[in-house]
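> Let's have the full structure, built from the sequences with the hints guiding it.
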Amino acid sequence: MLTLPRFEWVEPRTLDQLLDHLAAHAAESLMVAGGTDAVPNLKHRLHEPRYLVHIGRVEELRFVRDEADGLHVGPLVTLADLARHPVVRRDFATLTRAASLVAGPQLRNMGTIGGNLCLDTRCTYYNQTFFWREALGFCLKKDGAVCHVVPQGKRCVAAHSSDTAPVLITLDAEVEIRSRAARRTVPVESFFVADGIHNNVLAPGEVVTRVFVPARARARIGGYQKLRPRGAIDFPMLSVAFAASRRDGHVADARLVVSALAAKPRSVTGLDALLADGVLDDAAIERIAQAAAKQCRPVINIPYDEDYRHAMVPVFVRRALREALGLPPRAAREVVTA
Amino acid sequence: MSRIAVTFTLNGARRRVRVAPMKRLLDVLREDCALTGTKEGCGEGECGACTVLIDGRAANSCLIPAVHADGATLVTVEGLARRGGALSALQQAFVTMGGAQCGICTPGILVSAQELLLRSRGRVPGDAEVREALAGNLCRCTGYQKIVDAVRAAAREAMPARARAARRAPKARATAKARRTAKRARRAR
Ligand SMILES: Cc1cc2nc3c(=O)[nH]c(=O)nc-3n(C[C@H](O)[C@H](O)[C@H](O)COP(=O)(O)OP(=O)(O)OC[C@H]3O[C@@H](n4cnc5c(N)ncnc54)[C@H](O)[C@@H]3O)c2cc1C
Ligand code: SF4
Ligand code: FES
Ligand code: FES
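Line order of the protein sequences matches chains A and B.
Numbered according to full-length UniProt numbering, the first sequence spans residues 1 to 338.
Numbered according to full-length UniProt numbering, the second sequence spans residues 1 to 189.
Treat the hints with care, since some could be wrong.
Footprint (simulated), chain B over chain A, 3 or more residues, beta carbon under 8 Å [as the list claims (entries may be wrong)]: (1) 7-17; (2) 30-41; (3) 100-107.
It should be emphasised that the hints constitute simulated quantities derived from the structure, not laboratory data.
No residue lacks a Cβ here, since even glycine has one placed at the ideal position from N, Cα and C.
Written out as structure tokens, the structure reads:
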């Protein structure tokens, strides 16, 4: 039986109380919202905080506001509530889709959008019990000095595994971050950094206080495709998000993000050139799929074959693009008539 | 670690327990409340054997520290039966239709299904919808089909009599039409 370690439970009721606590004790604190990521990790002794700070009762962080400038979502909104929200369903269908593909129903009832963005990275050598990790020898990310995935590497390459983050990047979403001293806003894309040990820009004492999706993303077409072992519950072993605006048959503002490969979601570059004149036809889809495969290099950070994951990159890119166009996942095979 | 008082409504009754704040809700239910219907499978959020309703929503009690449940309204599998212990329509459907084999997953599945039935009151959820609602519950025995059938049968039973009659109506009309046709045929002879 996996038990929870000992710590002091802190339960602020207001954002002020939360920020005050963190200002004094950030280094020894771990925040939990829904706890669906933090609690399993605590059981594995991946975090050993003195204070467990439950933010779930800070009611001012739970809101969904549909305004003229865009959609404002509090970090405590659960993935289940987000996926069912009528405005999200109507205007940001890929976000609904990504949120409904996280884990299983019970976890989406507890898990929050804030926790999903701040989800810890995942690795075969990290998401294990203390006993397991001790037996093999600890790694860079926790208690050790080597990386078992890239033995000569100086950097942890554990996989970013959030389903909503890639979609939020394609929608130009932003996160608002607050600490006792300051408030700042960063695009979700620059929220993540390529360091598996701590893959976001949050400094000690900082809290995600809002996710904002701008109004210009409302009319975008999009697709989200996730590869996972079991369709019912698993983390992604590859995920692809696409969005673009469409004006009289042409697409613009195209964004393609491939994730679950490394610590930071990868934005595929050069889309404008690949989309000659903004025409998203079969040939363009194929050019983009091949470019994405060239730009992505999976490593054996999670327990699924890296060659297979690499081979699936163009397949899932094609599917995401076709989903955005309202087409079935595969192009119909040409019928050869003799 | 010092114990703290945690108060919640459990299957309709107020309960107050003194526990270590980090004790898992699963263990509080099984050990401190002596309700062993809720099971532990994996302890990591993967299997759903520990599912309970927290404020009407299915959640994995193995991932919830006791303090988190303070003030909550909880329903476990023990709370599904009718007063006096008679099985609910949902439970009875599992018995009648073979929805349970070894039984380890059954309490969690019943609780997840209960959430679905509460959410879809007044209509019978489709096969895919039931499967989606039970996606967080693993069963190694049944192959799921009988579970899905049982949940849908219970939903059908729970529909108000009027709605059930409306669903039957097209059939009733068809029967009446058949009777008229038969009568006409008889007259023609
Ligand atoms: C079996 C299983 C399968 C899963 N499958 C998936 C999956 O397929 N896809 C997926 O994306 N996730 C998956 N998850 C992970 C998790 O359930 C979700 O990511 C969930 O959204 C996390 O939200 P939470 O509120 O429970 O996070 P918590 O566990 O409460 O927190 C996660 C992390 O975020 C930090 N945090 C939380 N809120 C804030 C905030 N407002 N500001 C700053 N930091 C914050 C916490 O300190 C913690 O480090 C799975 C989990 C399990 C157990
Ligand atoms: S990528 Fe390397 S350092 Fe990072 S968790 Fe895995 S083994 Fe550890
Ligand atoms: S015991 Fe809780 S999900 Fe398996
Ligand atoms: S009946 Fe045995 S696991 Fe479901």
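> Tell me whether the statement that chain B covers the segment 30-41 of chain A is true, taking a Cβ distance below 8 Å and needing three residues at minimum.
holds (count 4)
> For the segment 7-17 of chain A, count the residues whose Cβ lies under 8 Å from any Cβ of chain B; is that count three or more?
Holds, because 3 residues of the segment 7-17 of chain A bring their Cβ atoms closer than 8 Å to Cβ atoms of chain B.
> With a cut-off of 8 Å between beta carbons, are at least three residues of the segment 100-107 of chain A near chain B?
Three-residue rule met by the segment 100-107 of chain A, so holds; n is 5.
Hint check: no violations occur; every hint is consistent with the structure.
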